[in-house]
Amino acid sequence: MRIDPLPPFEIHPEPDGTQHATKDNIQITVLPDVGEIKMFHRNALHQSSGGHTRWLVIKAGDLNIFVHGTHVVVTKNDLYPTIND
Amino acid sequence: MVATVLIREWNGSSAAPVQTSKQGGTIRFKSADNAVVNTSSRIIIPTLASSQLYSFQKWVRLEISVVPSVDIDNLRAYSDGANGWGVGVKGWYRQRSTYATPVAPAVANDPPEGPGSTVDMLDFFTAISTAPADMDAGISGPFTTTGDIGDWLVLVMEAESSAVQGATPTEPLTFAYDET
Numbered sequence: 001m002r003i004d005p006l007p008p009f010e011i012h013p014e015p016d017g018t019q020h021a022t023k024d025n026i027q028i029t030v031l032p033d034v035g036e037i038k039m040f041h042r043n044a045l046h047q048s049s050g051g052h053t054r055w056l057v058i059k060a061g062d063l064n065i066f067v068h069g070t071h072v073v074v075t076k077n078d079l080y081p082t083i084n085d
Numbered sequence: 001m002v003a004t005v006l007i008r009e010w011n012g013s014s015a016a017p018v019q020t021s022k023q024g025g026t027i028r029f030k031s032a033d034n035a036v037v038n039t040s041s042r043i044i045i046p047t048l049a050s051s052q053l054y055s056f057q058k059w060v061r062l063e064i065s066v067v068p069s070v071d072i073d074n075l076r077a078y079s080d081g082a083n084g085w086g087v088g089v090k091g092w093y094r095q096r097s098t099y100a101t102p103v104a105p106a107v108a109n110d111p112p113e114g115p116g117s118t119v120d121m122l123d124f125f126t127a128i129s130t131a132p133a134d135m136d137a138g139i140s141g142p143f144t145t146t147g148d149i150g151d152w153l154v155l156v157m158e159a160e161s162s163a164v165q166g167a168t169p170t171e172p173l174t175f176a177y178d179e180t
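Order-wise, the sequence lines are chains L and Z.
Reminder that position 36 of the first sequence reads as 36 in the numbering used here, one-by-one numbering, no gaps.
Reminder that position 162 of the second sequence reads as 162 in the numbering used here, one-by-one numbering, no gaps.
Isolated chain Z, as found in the complex (with noise of 0.2 Å):
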């Protein structure tokens, strides 16, 4: 049997957390913690020439609803390697095994710290095919029954003052599994 993994981000409290599927959806950075695209909490582009806003993390983890024949491991995600946000507009992130209540990281952290630790996030654009973030260091596979899998994606989206007003193009995000 061919199994279906979905992709959903995790908003809300880490005793009620609330799931939504990102499976060809957009995932919006925004100043709240909430998985609704609209144009609501938009990110406040800082005056100061030296210093940036962070958004709100985004969680997002892979999830098997349909198991696979044996199993399904080594999960990766990674993104195209060039930044289309625009000048002045970043993305960071890090890999968690536990979920956390999404925050905005302290601005007064370049680059940002987290989530729940000092350690710098990492720039999400250096994540790439030839060179792609593990997804299941933390919480290794193989995976083989439905349920929530590896390690949460924690993103962040930074504005600097250089930034320009409006929506930013859509980067893409790649999440890859193995499966027997």
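For reference, chain L alone in the conformation it holds in the complex (with noise of 0.2 Å):
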């Protein structure tokens, strides 16, 4: 069995459009009148270190949210992960 050291969110879309992202005790969810809706994660591999981190990104309307633990990024801009995140 392989053991994932950074469990990913569960997405869960609705019919309406609704989107929810849920971890441990954390629950995000996107109404779809903010406008089109991705979810997704996005990893950064460090190559020298091995390090691996995973942020939970989610694209609501023109607006980017990049989540990372307790760390919640809300900006226009798009973001990657560097070897200090």
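These aren't lab readings, by the way, just hints derived from the structure by calculation.
Be aware that one or more of the hints could be misleading.
Quick list of in silico lysine to any residue cross-link-like pairs, SDA-like style, CA-CA up to 25 Å [to be verified]:
id, chain 1, residue 1, chain 2, residue 2
1, L, 23, L, 33
2, L, 59, Z, 180
3, L, 23, Z, 180
4, L, 38, L, 53
5, L, 59, Z, 178
6, L, 38, L, 27
7, L, 23, Z, 178
8, L, 38, L, 74
9, L, 76, Z, 142
10, L, 76, Z, 178
11, L, 38, Z, 104
12, L, 59, Z, 73
13, L, 59, Z, 142
14, L, 23, Z, 66
15, L, 38, Z, 66
16, L, 38, Z, 134
17, L, 38, Z, 71
If you follow the hints, you should be able to join the two separate chains into one complex; please do so.
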């Protein structure tokens, strides 16, 4: 059995367009009125250290929401994890 | 299912390339084409002030070893933006969608050209998290099955006469991808 050191969020779309992302005691809900919604995980492999960063990314309308642990960043920019993230 | 993606260095001829996992390993720039991390085939510091010497190219690519639930796409690569190798040591990169036997760029060109073209390579330390190198412009996703994915990142180290002898510090290389 493979144990994932970075468990991902579970992503649940609903028929009305609402999407949920849940992990542990965190639940994020995005309502369809924001526009087009896309949820996925952004991974970064840090070659020299062997480290692995995984963010939840939510693209909601023209906003990008990046969730890493308890840190949430909301921006219109597209961000990628650095080795310090 | 969560995917497993590996960083692998490619060496050898285009007819029979050899891949070596470099996830957490060292990519050692040297004056030879192999993935061995040792102090053989060192890059020589030129004595002529206006000249430079190049390492052999390092060809690096991602591989899916465990497939994702849906797909993987948006492959990117970047540095930390700060050249920590020291004075007189530079890093160059280009993306390629076809593998070729690694060689050292011609020393007549500064910056180095190629691979396989007369186009200048780019400063690796300008590829950063806010402006990463696009690694699936040639071989594009979404990727859904096991195997090699995206373009090769081709890296070259340059040594100028002002470089200091000895091993350089390790510089981070990051590959990113989106997974659904």
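How the hints compare with the structure:
no.	hint	result
1	L:23 to L:33	24 Å, holds
2	L:59 to Z:180	13 Å, holds
3	L:23 to Z:180	15 Å, holds
4	L:38 to L:53	20 Å, holds
5	L:59 to Z:178	12 Å, holds
6	L:38 to L:27	16 Å, holds
7	L:23 to Z:178	18 Å, holds
8	L:38 to L:74	14 Å, holds
9	L:76 to Z:142	24 Å, holds
10	L:76 to Z:178	17 Å, holds
11	L:38 to Z:104	43 Å, violated
12	L:59 to Z:73	15 Å, holds
13	L:59 to Z:142	18 Å, holds
14	L:23 to Z:66	22 Å, holds
15	L:38 to Z:66	23 Å, holds
16	L:38 to Z:134	21 Å, holds
17	L:38 to Z:71	14 Å, holds
Checked against the numbered hints listed earlier, the structure breaks hint 11 alone; every other hint is satisfied.
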